[in-house]
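Given the coordinates of chain A, work out where chain B should sit on it, guided by the hints.
Chains as they are written, first to last, in the working numbering: chain A, 4 to 415; chain B, 150 to 593.
It should be emphasised that the hints constitute simulated quantities derived from the structure, not laboratory data.
Each residue gets a CB set at the ideal place from its N, CA and C atoms; glycine is no exception.
One or more of the hints may lead you astray.
Which bits of chain A does chain B cover? Going by a derived footprint, with three or more residues having C-beta under 8 angstroms, they are [to be verified]: (1) 100-114; (2) 282-290; (3) 397-407.
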Amino acid sequence: MHIGPILRAMKHNRTRVVLIVLEIAMTLAIVTNCINVILAERKKMLQPSGFDDDNIVRLNIRPYAQEFRDDAFIDNIIDQDVRTIESVPGVVAAANTHFQLWEGGGSSTQVFAPGVAHEPVVTQVYYTTKDITQTLGSTVIEGRPFQIGDHGIGHVVDPLTNVIITKSVADLLFDGQPAVGRTIQQGDPTDPSEKPMTVVGVIRDFYNPFGSPTSIAPYSDKAIFQPARNGGFSGGMSYLIRTQPGAMKSVIADVEKRLTAQNSGRIFEFKTTAQKKTEWFSGSKIVVTTMTCIIVTLIAVTTLGLLGLTSLAVSERTKQIGTRRALGATRGDILRYFLVENWLLTTAGLVLGVFGAYAVNFLLVSHVSDVKLQWQLVVGGVILLWVNGLISTIPPAIRAMAVSPSIATRSV
Amino acid sequence: MFGYHLKTALKSLRRNPILTALLIGGIALGICVSTAFVTLRHMYTQDPLPGKSDKVFYVRLDSRGKDSPFGGGISSLSSNMAIPDQITFRDAQNLLHSPVPVRQSATYITRVFVYPDPKVARPFQPDIRLCSADFFDMFKMPFQYGGPWTKANDAKPDQVVVIDDATNRKLFGGDNSVGKEIRIGTRQFKIAGVLAPWRPALRLFDLTRNPAGAPEPLYIPFNLHNTIPYQSFGNNSGWKRQPDVTTYEQLIATSERTFIQYWVELPDPKAVGAYGDWLTGYINDQKKIGRFERPVYYRLTTIPDLIQEWNLTPTGVRAMSVVSLLFLAVCSVNLVGILLGKFLARIPEVSVRRALGASRADIFWQHVIECELIGVIGGILGIALSAGILALLARFMQNGEALRLDGEMLITATFLSLVAGAVAGVYPAWRAASVAPAMQLKLQ
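Isolated chain A (complex conformation):
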């Protein structure tokens, strides 16, 4: 097959050439970038959190009875609540904490290790009662979970001497050396009034939002847990409850019943982690759905367009085809001619499209950093559109093949 005549014929059909090349190029640019965004969102959605997400429910309690104004009363009822919740059949563990799963937000502080030279580490910090690691289902990789005696009888002003930290905090503070038994301190390194805390356990890093879904780095795996009860009249109190698989529904009903019996001057709000995760990712889900729809429609539109343009080329050239057939070209020659022509155009479009894909990506990335285009995707898009170009050429090319040589003799 000689490419020369095909190229010379294209010179007479510049419009069609430009249209096909442009259409293929733009389609490649859009499809690869859409898939890229979809993959970035899916990666966020599918990354395991490190918690037993499916079996954890959060309970917020908002008290309105006046006795909750008394801190001692609050401490007392928190202990009672935790005991009551843990006695419900189907409950694995429960903790009173203001640590939130998949809601964004929380509290942060900075810590440093006295005597170790480094910048203070900014980290999340949460109060929790004893069973936090069991409740989250997170693995203690060094040291031990909290135990009785780690937190005393007081309110949030407990001595807070024993803490559990995540691996990433330990690594930043101690450079990979064992952290258990070491001392850390909160706040200003120059402030002599700061009280030291002792690391008793290190847990595996988790993946949990801290900022809002739109912030630059909404996720942080740096956290410190301090043993203390957390609650108040206006803030209410929060519990995390981990259930056995499948027991969620009965546990929620049972816990509400028993806690109401204990003290009814308060409102209970349950929310499962699955529910919160769905809400957290609702934006990502919209993006994935719409991008998928756009890709599908776009490929359909492009296929139709290519089909139309090639059909046009065939009907415009019916007479030439007839002449060539009359001069001895086989049906195969004609079929090959159109396939090769479209293959050339598609390839030219794809070459342009690769540049286009990176240009569009540049446009998108100028604000965002986590959607850099992966080259594998571009290759995938190229192959997809190559096949697509071939498929949309075949029907008109078959029609061209069927043109009879006698056409050449008809009319002028």
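The following block gives chain B in isolation, referenced to the frame of chain A:
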């Protein structure tokens, strides 16, 4: 002549209904997708405070310790420019004394139980925003009954409250409730005003926490902080453990925790300069009592700049609006191909008309009008479809209520469809118009 062109165009479109449907469908699809996502983007990028966006400033102060620079936070500023997202309570109280701003307010949210008439509703615990009298005018919040409380109310401070439309419906059946009282916590509050339904895409006056959330339902004077120990429910950030503080009031008066948002309205650049000087003076005064250990650093930021700095437009929205416009472009390119085929098939007819005296311009305009007709019909269909898509999207969005096709977006969509029609039509029409009459007649 226009009427005649229109008639021929309609006739030509009717001749091949399937092709016409395909053409119109293609444009409608492109317009629908691009309008929907450009509108979604517009929701985040439109002027958040029309006429005032460049006059209302968010105040931030670097009040941190010498060796405790601010880190983390929500800003995209580089670390050497980092500044706490909010200010401390004591700074807020002091800033309120500045004579420079025409309006100013310190603000934060708390949560307190509201006890309505037991016959009407159960106790509930809404987010309550503490702010100053100036706050409502500064953010152009619309009232249906009454209005903001007065500066005199601020000064005392009186127990007055502004409630939103939903709360007014819930507690008073939507009637004018100005002057009535509701119990918040342990105290009675007199209603000063009822807001009209109002749902900005972003909660302008507090972008620190879930900015797409709805404005709070209740507003009370900031100065009540002194008499009622309300806690902050927004983000809190601290760096200094403070000894010998036992009560909440003490903590508030001496704390270095930042949890207050501070807003000022400065009418012109001169006022901005004057306020900057005032802040510098304030920081230097504070240095004398041992605070503000770091170099003098403050930021005055408008809402649009803050939206950019804090990256509040979701990344997906940006990506989708770019992609959807490209999608429209592909639809247009497709249209060019189909129209070209359609017009070229009509060459014999054109050459007869040319031979009978039609000028090139006539042929050209006749075809352009045919394309524009396709563009306009496709556009109208597309706009209708995009309204449907937007309604669907809104159901899944927290701030979906603020998502709608406004006049500006309708004009944009119409413009897009005209452009798409023209882009797709001009070249094929020109090709049709350049047919030589004699040559084609000879071929017949």
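Outcome of the hint check:
1. 100-114: Answer holds; 6 residues pass the 8 angstroms Cβ test.
2. 282-290: Satisfied; 6 residues make the cut.
3. 397-407: Since three or more residues must qualify, the claim that chain B covers the region 397-407 of chain A is violated, with 0 doing so at under 8 angstroms.
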